[in-house]
Amino acid sequence: MSNFRELHDKAMSLAQLALVAREKGERDKAEALAVEAYKYESKAADLIPIEESSEPTRSILYSSAASLAYQGKKFDIALQLIAKGLCGYPSPQVKEELKVLWEQVNFEEHLQEHDITLTPEDLQISLKGNVVGSGMVFYDEFIKRIQALYSILSRTVQRKMQRDYQRSGRPAGMYKYFTPALSVPRIGSFAITLRLGLPKEYQTTMLFSAEDIIDEILAGVEYINKGDIEGLSQLIDGEAYYLNFVSQARIMAPDGENIKSVGLSSTKKSVGLTRIHKDIPVVAKPGIPEEARLKPIKLKGVLDYAKSRGKDMLGFTTDDGRIWYLHVREGMDDLVRSYFDEAVSVSGSYDPRHRKIYLTDIEPAED
Amino acid sequence: MNDTLVKPLHLKSLGGGIPVIPKEAAGFYEQNCIVCFDNQGHKSGVRLKVKHFDDSDAVFQVLWDSEVTDDLRRAYADLVRATDNAACAIALLIVPEITDFTAVEQACRGTTIDYYLCHKDEINDLIFNHSARLEVSGILHENKSNTVDGRINEKVKRLKQGLLTFIVVVEFGYPRSKVVKHEQFS
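Line by line, the protein sequences are chains A and B.
If you use my numbering, the first sequence corresponds to residues 1 to 367, in order.
If you use my numbering, the second sequence corresponds to residues 1001 to 1186, in order.
One thing to keep in mind: the hints can contain errors.
[To be verified] Okay, derived cross-link-like pairs now, SDA-like style, lysine to any residue, Cα gap no bigger than 25 Å in a straight line:
{"#": "1", "chain 1": "A", "residue 1": "K144", "chain 2": "A", "residue 2": "G321"}
{"#": "2", "chain 1": "A", "residue 1": "K300", "chain 2": "A", "residue 2": "S270"}
{"#": "3", "chain 1": "B", "residue 1": "K1155", "chain 2": "A", "residue 2": "K144"}
{"#": "4", "chain 1": "B", "residue 1": "K1012", "chain 2": "A", "residue 2": "A21"}
{"#": "5", "chain 1": "B", "residue 1": "K1012", "chain 2": "B", "residue 2": "P1022"}
{"#": "6", "chain 1": "A", "residue 1": "K39", "chain 2": "B", "residue 2": "T1102"}
{"#": "7", "chain 1": "A", "residue 1": "K24", "chain 2": "B", "residue 2": "D1114"}
Derived from the structure by calculation, the hints contain no laboratory data.
Everything numeric in this text was worked out from a predicted model, so none of it was measured.
Work out the full structure, taking the sequences as your base and the hints as a guide.
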């Protein structure tokens, strides 16, 4: 066996043990093992010459080494290893993976630089982009994302309590155990922390903790960022809850200009939401048949509450004055509500027989 | 069609011969598998039917020695995670049985882990230059909205240009597995 194979195999053994430690909740051990693993993997990568014929082996090895350094919280080293990988001749696929990893490492490094310490009940949201200054952010860009995050938090609690999806009205008091509290904004990017407080009287009766809720949200956002519909579908039971999660994550997602990245962090991990909102389709849960026989349609206009027919059928007035009716599926109600009386672009399937549009997506109208 | 030969698949063998699983981690994967099979009412010796990418079937008899205790069930109470881990273990065991590849690299990407495969007899240092990818998905119990074929389709949709990819979906209810080979050219 070559020296290279010994180094690589050792790295993989340690990486696997790190993964098992992480699964068992042994975070410190997992980090230490990941650090050991990256050292072996980067040594193995260094043995491969920088030439086209070395690819994709060389860049895959650096990507692996960087990922392990990142898991071990060695962010500077992770960035160096990513740069080494990019310096060669990576395939488009590996190049993209290295770039995504670069974003994630940068975000984590930012938290570390500003000495932000989170507790297990904390969920931090961080915004970066052209409308973010030193501890400042455009109000509209911030408020819609924090509202979306709050909606995800509330719905996740209700879902974990196995409550049927509540479409309208205020949730009953018993489902409002967690009282999010906001911290002051942090400089650098705009970052605030939501602390999920649980009143003492509920602490012994809850079957899940704030940490469980945060874990679940981060896992869901991670699936959204990867476009892993199947993973998200497995995580979230119930069509309405699933759809609500996707639609709210879409509101939180960056637009690519004003907000370029949105980060969510807990004590356990950080998830960068880098997919722009246009690339996150609000589609039904896999396995649910779509309205296949209907015609796809996209229109611009204003959501008109006054023209609505009950909670399922909302009025929608296009720029030429025509009134349409939007059928809003369970789960999309929070998303639609956030756009009342605003100029929006809606997509869906048009049913000419009943003259209604089954809404699949909604976004602010472009000027 | 070769659907009569039943090959033993001992979960203990996770600890030897698969480069990405060191001996010390084998027990963890074995336990995840046992908990998932047990949750679906199966015992050691259960037959796992594998639908091969060349349209043939293979049948494996899955064997384990450990007892399933309440402590073990509690330790792996998160069945979503357990199913993912168990599916990875089963996939890593069956891939060398039905292909010329074995897993040499795990690639952590967020919540999911994919693997790089290389030829079992690869001796060159450029191990990934003729490699393939392995994408794994697990289902504890198939139902109308969560099927093996549905999972395969979702995976295929998300594949990017690049390497030859094997997709393995493992279902623990029946139990069965499907292996799809996807050739891609950049």
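Structure-based check of all given hints:
no.: 1; hint: A:K144 / A:G321; in the structure: violated, 28 Å
no.: 2; hint: A:K300 / A:S270; in the structure: violated, 36 Å
no.: 3; hint: B:K1155 / A:K144; in the structure: violated, 32 Å
no.: 4; hint: B:K1012 / A:A21; in the structure: holds, 20 Å
no.: 5; hint: B:K1012 / B:P1022; in the structure: holds, 12 Å
no.: 6; hint: A:K39 / B:T1102; in the structure: holds, 24 Å
no.: 7; hint: A:K24 / B:D1114; in the structure: holds, 20 Å
The earlier numbered hints that this structure contradicts are 1, 2, 3.
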